[in-house]
Amino acid sequence: MSIRKILLIAVIAVGFGAVNLIFFQVDLTEYVVVTQFGKPVRAVTDPGLNWKLPDPIQSIQRFDNRLTVFLPNKAEFLTKDKKNIVVESYPAWKITNPIEFLKTVKDVSGAQARLSDIVSSELGVAFGKYDLTSLVTTNKKNMKLKEMMDGITRNSNEKVKDYGILIVDVRLKVLSFPEKNKLSVFQRMRAEREKIARKYRSEGSEEASKIRAEADKEKTIILSKAYEKAQMLKGEGDAGAIRIYADAFQKDPEFYKFLRSLQAYEKFIDKNTTAILPTDSELLKYFASPKK
Amino acid sequence: MFMNRKEKALVITICANFFLIALKFILAGMSGSLALKAGAWHSFSDIFISGMVLVGLVLSRREDLSQSKGISRIENIVSILVSFFILYIGYEIFQEVIKGGERIVSQVPIVIAGAVLTIIISYFMARYKIFVGKETNSPSLVADGYHSMVDMYSSIIVVVGLTGYLVGLKNMDKLAAVIIVILIGLAAVEIFTSSFQALRKGGVSDTTHTSLHIKALETYLRPIKFFILPILIVIYFASGIYVVKWDQVGIEKRFGRPIETQVASGIHYRLPWPMGQVDLVNTANINAVETEPALMLTGDENLIEVNTSAHYFIENAINYRYRVKNSDELIRYAIESATRQIVGQVDIDSLLTTEKEGIIAQIKRLTQEILDRTLSGIRLSSIQLLQAVPPQDVINTFREVASAWEDRATYLNEAIAYQNEIVPASRGKAAEIIAEAIGYKNQKVNHATGEAQNFLDRLKEYKKATDVTQTRMYLETIEKILAKTDKLIVDSRIDIGSTDLWFVRGQNAEKILEGVK
Chain A
6 MSIRKILLIA VIAVGFGAVN LIFFQVDLTE YVVVTQFGKP VRAVTDPGLN
56 WKLPDPIQSI QRFDNRLTVF LPNKAEFLTK DKKNIVVESY PAWKITNPIE
106 FLKTVKDVSG AQARLSDIVS SELGVAFGKY DLTSLVTTNK KNMKLKEMMD
156 GITRNSNEKV KDYGILIVDV RLKVLSFPEK NKLSVFQRMR AEREKIARKY
206 RSEGSEEASK IRAEADKEKT IILSKAYEKA QMLKGEGDAG AIRIYADAFQ
256 KDPEFYKFLR SLQAYEKFID KNTTAILPTD SELLKYFASP KK
Chain B
914 MFMNRKEKAL VITICANFFL IALKFILAGM SGSLALKAGA WHSFSDIFIS
964 GMVLVGLVLS RREDLSQSKG ISRIENIVSI LVSFFILYIG YEIFQEVIKG
1014 GERIVSQVPI VIAGAVLTII ISYFMARYKI FVGKETNSPS LVADGYHSMV
1064 DMYSSIIVVV GLTGYLVGLK NMDKLAAVII VILIGLAAVE IFTSSFQALR
1114 KGGVSDTTHT SLHIKALETY LRPIKFFILP ILIVIYFASG IYVVKWDQVG
1164 IEKRFGRPIE TQVASGIHYR LPWPMGQVDL VNTANINAVE TEPALMLTGD
1214 ENLIEVNTSA HYFIENAINY RYRVKNSDEL IRYAIESATR QIVGQVDIDS
1264 LLTTEKEGII AQIKRLTQEI LDRTLSGIRL SSIQLLQAVP PQDVINTFRE
1314 VASAWEDRAT YLNEAIAYQN EIVPASRGKA AEIIAEAIGY KNQKVNHATG
1364 EAQNFLDRLK EYKKATDVTQ TRMYLETIEK ILAKTDKLIV DSRIDIGSTD
1414 LWFVRGQNAE KILEGVK
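Chains as they are written, first to last, in this note's numbering: chain A, 6 to 297; chain B, 914 to 1430.
Calculated from the structure, these hints are not laboratory results.
Among these hints, one or two may not hold up.
[Stated by the list, open to error] If you want the footprint, here are the derived chain A segments under chain B, 3+ residues with CB under 8 angstroms:
#1 24-34
#2 52-64
#3 177-183
#4 206-216
#5 252-258
#6 270-278
In this text, a Cβ means the ideal position worked out from N, Cα and C, and glycines have one as well.
Make the full structure from the sequences, and use the hints.
The structure is reproduced here in structure tokens:
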């Protein structure tokens, strides 16, 4: 190999190395901090091609600038109305100032450790100010959850400002009672259910009684209406009969009296009757002597 | 068996070649590199040519054997068959190359080291054969040496291909494989022609003249040296060609900065590595995610076990890819958080029964709100409430409520049945009463009318003979009456006022009368 060839290869190798040591790309998803002998000197937040002094004078550190969610540990808090609750929250955060970030928390795990402390303490403070009934409630007016979470996000941001971090959102993933309180909650739920069951049954009986009473009432009304009508009809019948009798008997009351008397005699005089007949009575006029 | 120097050299190199083939196959198996596989087969063709040379040498040394055409004929026919076999292998590998799909080559650095070793072995083998061939004036051995030289080149091509792969030119390995396949083809053609000619002329096959071919090929190929660089450059730039599939959106970046954010499906070009990059995001797919069942507090402070699932798609590829790092976790947390919040606003009964639809809609709205707030680029297509049940500890009382509700219905049904029975019955009774009254009325009137008519008829006749009729009627009646009564006829001279009359009637009459006696 000639000297020239060797030189050419050497130049290419050095050139390639130099390109790698001086130029660097910044992706859309990252921020880059240029450090000089370990001290951060500038941040590159726009994606594209950049250059720096070659290593080891200046080197770079890359930070993901995307939003990240993570789960701090579950924690137990006390609400204003002295109820124990278990809470699992998750902050959604991102790096906004990579230099501050590098200086204060160094890396993502450092940041998450701080975040988890800060959010947790803010949660503790916030829960102390709110009743549980204003965090879980069917009454929309009482609902203060959003207000509380916004407050936590705001206060936490105040504290992480210096870390070059922005908390976009803090949300509750779990909000429940601690294990030991669950039993009493279940007890209450059971009692409540039993109450409802009893209510249903007694409501049922009540409704049923009402329906029966209504039916009985209807029965009485129907029958009495029928009685009324029947009596009216009977009255009409009787009246008609009286009128008809009267009209006829009017024609000769004397004859009627005579006839009716005869009928009456026939009826009321039976074999238990003893008739005492004087011989001078009209009936026996001819009994004593045929001649008058 | 006695061997001269030439034969010894061939036997040694054949053994070395076996080792070479084994090494190449092992490396190919380890990495999955197509170029290495092709190289191994090329070495195989090489070993065969060496074998042919060896046979030729042995036969030429022993005149008696060389005369027997039978053996050399068999040898030539076998050679032709082998040439076809080698050609077929070349075709197979070529097929594998075209089949497409990203070929993943693993353990590249180690494999490169192995391939470099094969280059060295091939090099020394070739030098050794050429050296011995020249010393002993054997053109066929020299020719075989050149074959081994070609095998060395094939190994160099393998190394170049793998190195290209290592720096990101993923297709370099395949390209190397294609070149080696061409070399395999050449070797096959060579074996075929020499054997075919020998068969036609008679006698042993002579690979010497083919070594002349190779020399001629080399002189032809020499100018190619000047093209190697341009070709490599073309290949390098061609590596910028990329494909966006129908369900994807491509985002093209230059030095990390996006320059085209909506690359549609099809074939496109970007600057080659390391200047240009492309991110592909699946936007057409509907993805599903499901939460673990969890106990949640309802608005009336009951606990209920809930889990939900969501279907979503990527609406904004840029946001999805570049705004959120762990989107999968984000969406799961978001659903869980939204579900929890909405469950915390409703009472347990509406969650269990009537208002599920509305609740699901609210969860979806809130989840989308959370996802939008974080600019996740995700759009929910639907949310399902997979499960909303009371916890195991209390489920029995919930069932008890359900049966109480049934009981309630039973009570009501019984009462309604009573009502349905008694009201019509009363109506029937009423109708009966009224009918009876109507009957009574008619009876009364009819009786009266009848009796009145009877009276009037009788009156009419009576009027005609008042006195006698009256007497007749009187007497008839009296007769009938007095017929059944006890009668006491008293003479009108007896003063009834001063007479005591005792009437004893009834059952005791006999006794009393006896007593009186």
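Evaluated hints:
no.: 1; hint: 24-34; verdict: holds (count 5)
no.: 2; hint: 52-64; verdict: holds (count 3)
no.: 3; hint: 177-183; verdict: holds (count 6)
no.: 4; hint: 206-216; verdict: holds (count 9)
no.: 5; hint: 252-258; verdict: holds (count 5)
no.: 6; hint: 270-278; verdict: holds (count 7)
Of the hints listed earlier, there is not a single one the structure fails to meet.
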